[in-house]
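Student: Taken in order, these protein sequences are the chains called B and V. In my numbering, each residue's number is its place in the first sequence (first place is 1) plus 70. In my numbering, each residue's number is its place in the second sequence (first place is 1) plus 12.
Be aware that one or more of the hints could be misleading.
[Unchecked claim] To give a feel for the contact side, a few chain B residues facing chain V, derived at Cβ under 10 Å:
| # | residue |
| --- | --- |
| 1 | E218 |
| 2 | I235 |
| 3 | G236 |
| 4 | N279 |
No lab work stands behind these hints: they were computed from the structure. Note that the Cβ used here is the ideal one computed from N, Cα and C, for glycine as well.
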Amino acid sequence: MHGRPRKALQEEDAAASAAKAEKLRSLQAQFLANHHNRTYSKEALDVSTKLLEVNPECYTAWNYRKLAVQHLLSNSDPDPHSIFHDELKLVESALRKNFKSYGAWHHRKWVLSKGHSSIDNEMRLLNGFQKADPRNFHAWNYRRFVAELMKRSDEDELKYTEEVIGANFSNYSAWHNRSVLLSNLLKRKAEGYFPKEKVLEEEFEHVHNAIFTDPDDQSGWFYHLWLIDQTVKTDAPLLVSSWPSHRSNITLIMDNGLHGCGLSLLNGTLSDTGTLPIILYFNQAVEGINTSTVTIESELLKEELVWKPLSMNKSNTAHVWVVYLNLGNMELQPSKTYYVEINIGHSKGIVSSNGNHYGAPSQISFKVVVQTAYTEPTEGHGGKRTTWKDTNFQKIDHFQESDSIVTADQNDLIPTTSNWCTEEIVEEITKFRDLLSEYDCKIGKLTLARLLTALDMLSSQHDGRKSNTEEVLQLYIDLMKLDPTHSLYYKDEHSLISLNWITSTRDSLLPYCHYYEDATETITGYVCLRLQNLSLSRMGSIENLLWVQMLDLSHNELRSIEGLEAMQLLSCLNLSHNKFGSFTALGPLRLLKSLKVLNISYNELGFHSIDTTRYLSSSPVVHTEEFAWDRFEILTGSINATKFWEAFLIFGSLALTELNITGNAVADENFRSFLVKVLPTLKWLDDEEIS
Amino acid sequence: MSEPQEPFPYPPIDPVNFDLIIVGTGLSESVIAAAASAVGKTILHLDPNSFYGSHFASLSLHDLTSYLTSPSSAPAAAASTDSDDVVCDLIRQPPCSDAEIAWLDESVFLRENSRKFSVDLGGPRALFSADRTVDLLVKSGAAQYLEFKGIDESFVYEANGGLANVPDSRGAIFRDKKLSLREKNQLMRFFKLVQQHLDDAQEEKISDEDLEIPFVSFLEKMKLPPKIKSILLYAIAMVDYDQDNNEACKDLLKTKDGIDCLAQYSSSVGRFPNAPGALLYPIYGEGELPQAFCRRAAVKGCIYVLRMPVISLLMDKVNGLYKGVRLASGQDVYSHQLILDPSFTIPSPLYLSPRDFPRERLQILSQRDIKGMVARGICITRSSIKPDVSNCSVVFPPRSLYPEQVTSIKALQIGSNLAVCPAGTFILYFSTLCNDADEGKKLLKSAMNALLTLPVSGNSESILSVQSDSEDIKPIVLWSAFYIQKLIMSKFELISSTPTPDGNLNYNDLLGATEKLFGQMYPNEEFFPKATSPEDPTDEDDNGLTLDS
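Chain B with its partners taken away, still in its complex shape:
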């Protein structure tokens, strides 16, 4: 059934298949005529029977059969039992022809779900098919359906998977069914399947036998990965980090300059809108964040707040939720400390996408202090230009008190997991080190890397140490060489681990933090996080970077900035010298309302004629956003610029003052003039001041 090479067609076979095709064509024509005329006579049904017996893939014919059944049932004095019996017989013979026919299996489900047929026969049929090919996932799918219909116990079905796996453990379908059944049994704490720890230990032992017997067979590893996940995961959604973080002090500058009462963060360029964002970052997508599930108590709170999910599609679940406190029209007293207290999850309603309720209620409190400062108004705002040259940055020896804005891993928010998890993971690590000492295999290395990462994650909850990072990074470097086909995946993992390491503590962040010094700035320069030249191919650990206002990601290998939308304070972003191939990949920028300065020079924008990321992206911008054609047409007008509509989607909602797009295939004169129209706020384009 599997691993058999396809034989080339012989000449006599070709003749036979031509004859078969001829026969099929005439059957098909008759059938379609019947279908068109809604003829459901016995003769007409026989035609469809013949057709389906020869070609079970003809989905239209299955649908015709369903219509015919409905027609026959509507007749006077129908015999549902025999009508459905005929259908079952037809499906069986169709399956004998091709038992991977989606249409046939679906039809059988449809017939059985009508409830007129006995299901006793189904197990017999399934056993036959599953004996012939124990891996056929159609049969396994159907088996789950029948088992549920028959109310066969999960325990019995689990035993069946054990038999099948015992006969040949190279069986993804059987392992998968095992994970499905065990999930159910663990969830309802069925007798013999509690505590979870005991069951998982047995399952680890079971799958070790498969993995060690044949490490090159991937079906066992696949199940093992599921087991690791079961060991480490927490069901309930948790708050991972927030901005402002718990017990932090936020200093706001009240600008009494010529421009009236601007309000900005100390060490920051924010924010002439006079709003203060509050960001909540969860470990999984949640819904139900509102003023009743999250309560804010503060003098600063004067009006009803609206929590918004930061999500690229229009769904109302998201990892990150944000709310803006409007301080613009408040009489803030200088030097006064305002207290803000946020209570999360004290009343029910925060639910993860798989239906789990928010775990431990938590509290975040922080202080806001207002200072007055007078900044010399510069000659027109455009005079100030952000440059990313090294000379503009000054290394930081140690953080100052005022840099308390810089926060790292906020692991105090995460409740510690049981010792059992850590012990189990440590045991797994020992096992796989042993295996790798015997036999070098890529999937073993990958698993070891994943286990070590999991261990770091668990132990960092206890003592904040990530002692295995170096080994994990080395494993991914080895894997890139060992398995070049999947090197992009390993590179992504490498990036995530590096970022996690860099952002784990304030001390580890320090080497990457610089003061940005602008000659025209009178107060101390603000902190810029510089993550250039790190071979990053993917962004991660955003939950530790919510405080960042100026970010330099240049000279990496980024293709996407998924997740960056959570950095609501970001105002200056350097993405130059990366591998962005399309504007779609820059989608998250649309949610960064504070973004003023963007450098995307020297990427591959416009280089690829077809934007493949549009199909890969989990949030295809195109379909979710109502496109402002009116505005687009007014802007593009004379220029034939329909090809810029993606750029319009990204930039149309931003208020950039500086943009650098040189060194991209897309950046010709047409595009530049288009950008100037789209971005009326723009002062600088490609280092040229816009007059």
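Following the hints, complete the assembly by docking chain V onto the known chain B.
Tutor: Frame of chain B; chain V shown alone:
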């Protein structure tokens, strides 16, 4: 003995001239009868016994008892000359020596059911699903008279752990409960190495140097631990002698032969969907095999006469060449060639004094090539050595029973679903190579003691105490037999002779020797030419072998 004179009326045989006369219906003789008749030879196939199979027969308990204890026929007469021929009387050796038979169960059950047993003389013996015996059965057409069943499980005896399943396939390694994870990995990797070596499409091969070194050294070179080595050598390659003991080891297996054994074993596992393991056993016992070949031969015109002892050889007076044989009926029959089963010997020429007779010829005839001994044991029990397993094989690797054990012991348990014993009983066969009868019996007895309870004869109390003490009750032996057979090789001469059953579990070596003998006798004839037999109905599976599920 009371009526030595003509217990049966001997039928006269007509014609009297043949291409070949074969005496004895053991496996080799029957195969040659079938092969020679297939190429058109006229054959007279005789057997002094009343049953087919000679050393390879399956017998009832009473027949087995009397057969094992039958005395040798005395060299009654010396050579004499009558008319044109020198008449030289044959000596028939007993089929075995040192036989010890014990009816341990006092009940009448066994005696009453003696006929319901069909006990193999040459046991333990089975076929690998992928071995050449299966091919020969199909090629010769003998397979159509046979039906097989798979042996359910294969065990290896471990010094401290008792019986363990032989991890002989990917699935078996996965299911194994006794191997550590590391050992599972090592063993499976070695299997893969062998598969890769045998796969013509693969570049990576075991080097020629490695193929010539002893297999045991190669396994050490691959850094396999002793436990895995022992499983590969004794439970899968089925080597007889302790490969680590240079003094006692008479037969050191080379890597290339070891690889072949592994290949045969692994291609046997799962060859037939109904046979889960590597081994097959014929329903009604191994005695069915020679009978099937005899039936093939009979179809092609071979004449069969049972209960017909051959008493003398007839030699040409002048040149001393073989001419024919004199039968117990007194009739003389003639042929170009003669094959005797290994129980026949010719008296030493010292006792023969026909004048002018070329003495050296008889000297050659009387010499047999003896390659050691094999000890065999049979036990009958009322329960299985492993609950829920009816038919199984067991290997006791060297040193698994006691430190001085230098040979491995093979055992086979056959239950009533193979139609060789009444329901609820089991027959166990044991065999090992040995240097003398005492050593052989010691080996077999300790193997039996490891699995079974051998009651001290006449003392029934000891049985009870054993039962109550041990945690898992070992099956009690109702009947047992021990016997020793000399390993006599086949020989091609004026008068050819076939080999005795060897110490192997399968028939490959025996059939190899038989094919060789046939080739020497008929150098220009093919051993079972490929002829389709249209008269044979082929309702068997693809492989031409009928397996009972």
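Student: With reference to the structure, classify each hint as holding or not holding.
Tutor: Outcome of the hint check:
Because the closest C-beta pair between B/E218 and chain V is about 29 Å apart, greater than 10 Å, the hint is violated. Hint status for B/I235: holds, given a least beta-carbon distance of 8 Å to chain V, under 10 Å. Interface hint at B/G236: satisfied, since its Cβ lies 5 Å from the closest Cβ of chain V, which is below the 10 Å cut-off. The closest approach between the C-beta of B/N279 and any C-beta of chain V is roughly 5 Å, which is under the 10 Å cut-off, so the hint is satisfied.
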